[in-house]
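Colleague: Sequence:
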Amino acid sequence: PAAGWVAISFSNSVGPLHAAGICANNPVVNACASQEQRAIWAKVRGYFENAIGIPVCASIVAEKRRRTRAECYDREICGRDSALEQSTFKQTPFFRIHIPYARRYSDRARPGVATGGTAVPARPLPPGMKAPTVDYRDIATESGLVGVNVSGSDTSKQYIVETTGNGVAIFDFDNDGLPDIFLVNSGRLDKDAAQPKHFLYHNLGGLKFEDVTDKAGIASTGWGQGVCVGDIDNHGYPDLFITQWGQNVLYRNLSNGKFRDETKERGLLSPKPRWSTGCAFIDFNRDGFLDLVIVHYVDFDLAHTPHPGQTSQCQWKGKPVMCGPRGLPPETLSFYQNDAHGNFTDVSDQVHISGAKNYYGFTALTGDFDNDGWPDIFVACDSTASLYYHNVGGKLFEEIGVRAGLAYNEDGREQAGMGAAAADFDGDGLLDIFKTNFADDTHTMYKNRGGNNFDDDTIGSGLAVNTKYLGWGTAFLDFDNDGWKDLLVANGHVYPEVDTGHTAEKYKQPRLLYWNRGDGQFFDLSAQGGPGISDAHSSRGLAVGDLDNDGNEVVVIMNMGEAPSLLTNFATGGNSILIRALTSGRDAIGARITSTADGHKQDGKVENFRSVPAGEVVTIEEGKGIVRKQPYTAVKK
85 PAAGWVAISF SNSVGPLHAA GICANNPVVN ACASQEQRAI WAKVRGYFEN
135 AIGIPVCASI VAEKRRRTRA ECYDREICGR DSALEQSTFK QTPFFRIHIP
185 YARRYSDRAR PGVATGGTAV PARPLPPGMK APTVDYRDIA TESGLVGVNV
235 SGSDTSKQYI VETTGNGVAI FDFDNDGLPD IFLVNSGRLD KDAAQPKHFL
285 YHNLGGLKFE DVTDKAGIAS TGWGQGVCVG DIDNHGYPDL FITQWGQNVL
335 YRNLSNGKFR DETKERGLLS PKPRWSTGCA FIDFNRDGFL DLVIVHYVDF
385 DLAHTPHPGQ TSQCQWKGKP VMCGPRGLPP ETLSFYQNDA HGNFTDVSDQ
435 VHISGAKNYY GFTALTGDFD NDGWPDIFVA CDSTASLYYH NVGGKLFEEI
485 GVRAGLAYNE DGREQAGMGA AAADFDGDGL LDIFKTNFAD DTHTMYKNRG
535 GNNFDDDTIG SGLAVNTKYL GWGTAFLDFD NDGWKDLLVA NGHVYPEVDT
585 GHTAEKYKQP RLLYWNRGDG QFFDLSAQGG PGISDAHSSR GLAVGDLDND
635 GNEVVVIMNM GEAPSLLTNF ATGGNSILIR ALTSGRDAIG ARITSTADGH
685 KQDGKVENFR SVPAGEVVTI EEGKGIVRKQ PYTAVKK
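Taken in order, the sequence shown gives residues 85 to 721; the numbers are from this note's numbering.
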């Protein structure tokens, strides 16, 4: 589209298909509208989206006078417009959008995956603001984390199932006060080859770990993907749920250092094998017992999947590569309700969570995003619109991703979502959502405006500065303990073939570290993050936890074809607290915690997710900050 102002109007004579066609191909960068006009337009968009299933000006819901995607960040070009203010949406919907410059979307990427973002130059720090010192180093080998990840071939990925990688969980399985580590493994497509096992590492203290997988009774029974952790019957010990290509597995914690496969007797055995990726435990009806949401990615059949280069969905920048997800049959979601005894029933249809079709769901993220007291679900989808399930009073879910502004990026485009994390990064009491995406695109920061209304604030928050990395696991963390949530992203390509190509992309990629300035913006500190950030790997899952109870968060990252990374920051300061629930519903998943230190208020939550399905974790959120005059006050809501 050309640069300049574009007016879009709808009359009663314009049908949905024609109207949607006008709007669907116009990248919307800015929108001037009143609150009432935006609300009405959201309903119009929602109608078109539900009717024909394509993006319809998805970013049209934007705050008035929002800054635009222009190189002059301080210039507000969206002023009040008398014609717009006087227009009557009920009679003739009218909307005025601005495209600051002609946006060109490249066809470099194959049709099998969604790309198309444009990087924006990084902003310098304001005068007088100094970034903290950070020095992340990988200490996995000396800590005993030496289990090697296996996910198909290391040199040539023939099928998409070989590329998605695996999960990691941080949880205290034996309740000794030291968080342990669980690493998910996949396998080899050659059935005659030796198959790998998952790894359970017991924390010995001092950041030393022992492999107790066999001793704990955990055996690999399939092609593992992700993992989520929760106490399914409130017996005081966390249980493990592993998503797989095939049958998922529930390992119940026997409270004596051992686990037992209770998938079938707990009602979680699927009628047919499926490819599940993301999962999360969630107490959706607030009865004190954890329910379970499972994200299924692709209806994958090895025997009927095209080979690299065989179709248009099996190309990447002129090279034959594995196929998908586009061109492969999509899947749906499943929801299992807990009967208060740790047994589950599939109620997907009853709670309206299985109705979303034609989506490649990948990662489940839970949280009370509208502060109504009921936990909601965000699903990062790969190359299709993302999904947002609003919890309606613990009775059912309503999918309102388009209406909420979470389905697409600000240009109304689908993205190849991989990982997701949520936190109140700007201290306004609302959980914001960060989503990682494919290469040749920006990652996405959705700022929560309240009332199930989100804006794509990627540019405004300073996060649109990198597009050459393929992001996976991500987490909000406070690496400098200043009380503001920073961001860490694990990267890695899916095509080993990029190393032999003519592009600048690499299969192994460094991590990204963004420092939260405390003013609603992030600053890219990746180049100064230490060798643990700059070293290149093809990484996937990521989890964060205080593994030695010293108040500083340690990062565990899964690496394709390698042992994991264990990153610790050798330059930290500040203070922290750790809160642990000791009553029924011991995981307290979904609880909100507010902490105040020296006038700075922070909102945290107890969560059971991190990043991609290959990165679930259960932690008690730690309040962090520099405490000078008063201690923290923590309140459980």
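None of these hints come from the bench; they were simulated from the model. Heads up, a few of these hints could be off.
What the hints assert, rightly or not - Straight line, CA to CA, 20 Å or less: simulated PhoX-like cross-link-like pairs of lysine-lysine:
#1 LYS356 to LYS403
#2 LYS356 to LYS342
#3 LYS401 to LYS592
#4 LYS403 to LYS299
#5 LYS356 to LYS441
#6 LYS592 to LYS403
#7 LYS590 to LYS401
#8 LYS356 to LYS299
#9 LYS552 to LYS401
#10 LYS552 to LYS592
#11 LYS281 to LYS214
#12 LYS590 to LYS403
Given the structure is predicted, the values throughout are model-derived calculations rather than measurements.
Colleague: Between the alpha carbons of LYS281 and LYS214, is the straight-line distance 20 Å or under?
Modeller: violated, 46 Å
Colleague: Please work out if LYS356 and LYS441 have their alpha carbons no farther apart than 20 Å.
Modeller: The hint holds at about 18 Å.
Colleague: Going straight from one Cα to the other, do LYS356 and LYS299 come out at no more than 20 Å?
Modeller: Violated. LYS356 to LYS299 sits at ~30 Å, over the 20 Å cutoff.
Colleague: Starting from LYS552, check that the Cα of LYS592 is at most 20 Å away, please.
Modeller: Holds. LYS552 to LYS592 sits at ~12 Å (cutoff 20 Å).
Colleague: With a cut-off of 20 Å on the C-alpha distance, tell me whether LYS552 and LYS401 pass.
Modeller: holds, 14 Å
Colleague: Compare the distance between the alpha carbons of LYS590 and LYS403 with 20 Å, and conclude whether the hinted pair is satisfied.
Modeller: holds, 14 Å
Colleague: Has the given pair, LYS590 with LYS401, been kept, meaning a C-alpha gap of at most 20 Å?
Modeller: The hint holds at about 14 Å.
Colleague: Given the hinted pair LYS356 and LYS403, is their Cα-Cα distance within 20 Å?
Modeller: violated, 35 Å
Colleague: Given the hint that LYS356 pairs with LYS342, does the C-alpha gap stay at or below 20 Å?
Modeller: Status violated; Cα separation ~28 Å.
Colleague: Holds or violated: LYS403 and LYS299, Cα atoms, limit 20 Å.
Modeller: Outside the cut-off at roughly 46 Å; violated.
Colleague: Would the hint linking LYS401 and LYS592 be met if the CA-CA limit is 20 Å?
Modeller: holds, 18 Å
Colleague: Compare the distance between the alpha carbons of LYS592 and LYS403 with 20 Å, and conclude whether the hinted pair is satisfied.
Modeller: holds, 18 Å
Of the numbered hints stated above, those contradicted by the structure are hints 1, 2, 4, 8 and 11, listed in ascending order.
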